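S.K.: Chain by chain, the residues run as shown.
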Amino acid sequence: MKLVIAMLMDGVIYASWLFVIAAGLTLIYGVMRILNMAHGSFYAIGAYGGASLVGFYLAGGYPPWGAYFMLLGAALIGGTIVGLLIERGLLRMMYGRDEVVMILVTYAILLILEDVIKLIWGVDAYFAYQPYTLLGRTKLAGLSFANYDILLIFVSALICFVLWWGLNRTRKGKLLQAVIHDRDTAAFLGINVTRMFTVTFVIGAVLGALAGALTAPGISVMPGIGVEVIILAFAVVVIGGLGSVGGALLGALIVGLARSAAVHLYPDAELFVIYGVMGLVLAFRPQGLFAIATARKI
Amino acid sequence: MKYATTMIIGAGIALLAAGLFMPGWLTFLLTLAFAKGLVVMGLLLLMRAGLVSFGQGLYYCLGAYCVGIAGDYFETQNALLLILLAVVVCVALAAVIGLLLCRYRDIFFAMFSMAFSMILYGVLVKSSAFGSSDGFNVKPPLLFGWTPTGESGPFLAYGLAVVALVGVGIFVWRYLRSPMGYAGEAVRENEIRVEYLGASVRRIIYTKYLLAAAMAGLGGGITALAAGHIDPEMAYWTTSGEFVFIALMGGVGHAAGPVIGAVLFELLRTYAFQISPYTWQMILGISLLVIILYLPKGVWSLVERVTKGKPL
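Which chain is which? The protein sequence lines are H and E, in order.
According to numbering that gives the first Met the number 0, the first sequence is numbered sequentially starting from 0.
According to numbering that gives the first Met the number 0, the second sequence is numbered sequentially starting from 0.
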């Protein structure tokens, strides 16, 4: 029983973390048809920004609860700056190319950003554990969980709701859905597709940075974290179906639970399980679980 | 013999001869570049059919581990036998995985092939018998009783790489001019029409996938012998990304593209690392962007522009 609860809780915590990363990735793909490898760098930028802002803030001797706002602020500022720079400065010139070429473009951006991060923050590890330990821990069926992790579940659920609501219940969201379904027709009807792209990319980048900033207190922030995260996020969105936010949620839950089951039962299979699940899903649903069917070219 | 074949063999002999006078570091660099070029040749076959594999690292790494493990287990250092084994194992694995992968296109093919290479990475990182994430050392190779020592040590791997490159180069050159080779481009342009014409898209892609796996295994095996050390990083997705990078850099329009791309890539990386150890990835990334923007058909298109007067 204890094992089951531990597995479930760890799985859901991990899934909520995965969802925040994957949501940005899948949103950008859904609207712009760009599978954004640089998303891992957004994550890293958020983590570094969060860790150093929290460090500055707490060194100033301000009330510790403000550190949470520092994390959010870091994600907003970092994500917006990087997102705008990349979309306006670079991707704008590349629209209309093959999806696979776009993967390589974002791969190049990933390589560049990895070094930019090293230039700004150096190669030493950063720690910002205060927001993590501040909330204390909760006992649940004899197991101890960090409240911060439980908070993360709610934050993730909130993000999921806001995305769903924004896409389905607002005017802008419905316009965006029109762009997702048919970019050209949407443009004919007078929707400013270019601006939609910019806004979507910035929102996606902020979500990526937010995932990083929220994770920062629980880990040691060091070079290479972005590269590891991106392939996990890929697995999640591919399982769920590229471009579907609901799919990302389901994918995150599947991957999260499968991984935590592996970690508790057979730790050696941790990485294997994630891609094994992905392979299994793709073998039966080649486009992922929630994907929209596309026409074939004749 | 045809003109092209003679040219390729001639280039191979020239490279072998030049290898006798090259400084050690250049021999080593070129060996690794040629090994990567072999992998990218396989990738070229797939890319011409419109399939970009982000998982050639799977066979590259598997080939290398085959050489390393078999060398220890059978206590043989015979380079030819080990590399042959690597190729056979890679093709065997590809024969199974290929059945599944043949059904996927575009991004799904890319992501699925990446997933397989990450599975191998995950398994190797956890397998302490093979040194986990540190990998292990491969003993220096022999060739039928010839034990290279000192100066001639790196030359054996270099020679192998050149010979393999010549063989694969001739094969790819002729393959691209065969019906099966042209079928690749037809598949990229329009699969349904290919089916209507009576060819099996599945079989075309499957064959290309097997060939690509064999070439990647060959490249991996040679890398293991040349570098003397292998680790799971060879199956990590960034390695596979490098191969796609090289393919794009050299261009997939011609069999020479991958080789030129690989040599340029290794030179670029070595010099970038030497000039600025902290920003070499940035230099690589910027060069990739420049190539995508201004030379979408790779460096080889420059050559074609000069020799054939083709526009870019």
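Treat each hint with caution, since some may be false.
[Claimed, not checked] Far from chain E, by Cβ distances over 12 Å, these chain H residues were calculated:
#, residue
1, 59
2, 75
3, 83
4, 132
5, 139
6, 154
7, 190
8, 230
9, 231
10, 233
11, 269
12, 271
13, 285
14, 286
[As the list claims (entries may be wrong)] Cut-off 25 Å, straight-line C-alpha distance, at most; resulting in silico cross-link-like pairs (DMTMM-like, lysine to aspartate or glutamate):
#, chain 1, residue 1, chain 2, residue 2
15, E, 125, H, 98
16, H, 117, E, 74
17, E, 138, H, 98
18, E, 296, H, 98
19, E, 307, E, 184
The hints are simulated quantities; they were obtained by calculation from the structure and are not laboratory data.
Given the structure is predicted, the values throughout are model-derived calculations rather than measurements.
All residues carry an ideal CB built from backbone N, CA and C; glycine is no exception.
S.K.: Each of the hints needs a verdict: does it hold here or not?
M.R.: Right, here's what the structure says about each hint:
Even its closest Cβ contact with chain E, about 30 Å, leaves residue 59 (chain H) beyond 12 Å, as expected for a residue assigned away from the interface. Taking the minimum C-beta to C-beta distance to chain E, about 25 Å, the non-interface status of residue 75 (chain H) holds against the 12 Å cut. With a least CB separation of 18 Å from chain E, residue 83 (chain H) remains clear of the 12 Å interface cut-off, as annotated. Every C-beta of chain E lies more than 12 Å from that of residue 132 (chain H), the closest at about 30 Å, which supports listing it as non-interface.
The Cβ of residue 139 (chain H) sits about 30 Å from the closest Cβ of chain E, beyond the 12 Å cut-off, so the non-interface label holds. Residue 154 (chain H), annotated as away from the interface, keeps every beta carbon of chain E farther than 12 Å; the closest lies near 28 Å. With a closest Cβ-Cβ approach of about 25 Å to chain E, residue 190 (chain H) is found to remain outside the 12 Å limit, as its non-interface label requires. With 12 Å as the threshold on Cβ separation, the claim that residue 230 (chain H) sits away from chain E is violated: the shortest Cβ distance comes to roughly 6 Å.
Non-interface call for residue 231 (chain H) relative to chain E: violated, since the shortest CB-CB distance, roughly 10 Å, does not exceed 12 Å. Once the 12 Å rule is applied to beta carbons, residue 233 (chain H) is inconsistent with being away from chain E; the minimum gap is 6 Å. Not every C-beta of chain E lies more than 12 Å from that of residue 269 (chain H), the closest at about 7 Å, which undercuts listing it as non-interface. A beta-carbon of chain E comes within 12 Å of the beta-carbon of residue 271 (chain H); the shortest separation is about 5 Å.
Under the 12 Å C-beta cut-off, the non-interface status given to residue 285 (chain H) relative to chain E is violated; the minimum distance is some 6 Å. Listed as outside the interface, residue 286 (chain H) is inconsistent with that label: its C-beta sits roughly 7 Å from the nearest C-beta of chain E, within the 12 Å cut-off. Pair hint residue 125 (chain E) plus residue 98 (chain H) does not hold up; C-alpha atoms about 34 Å apart against a cutoff of 25 Å. Restraint check for residue 117 (chain H) and residue 74 (chain E): the C-alpha separation of about 44 Å exceeds 25 Å, so the hint is violated.
A distance of roughly 43 Å separates the Cα atoms of residue 138 (chain E) and residue 98 (chain H); the hinted pair therefore is violated under the 25 Å criterion. The straight-line distance between the Cα atoms of residue 296 (chain E) and residue 98 (chain H) is roughly 16 Å, inside the 25 Å bound, and the hint therefore holds. With a C-alpha separation of about 21 Å, the suggested pair residue 307 (chain E) and residue 184 (chain E) falls inside the 25 Å cut-off, and the hint holds.
The earlier numbered hints that this structure contradicts are 8, 9, 10, 11, 12, 13, 14, 15, 16 and 17.
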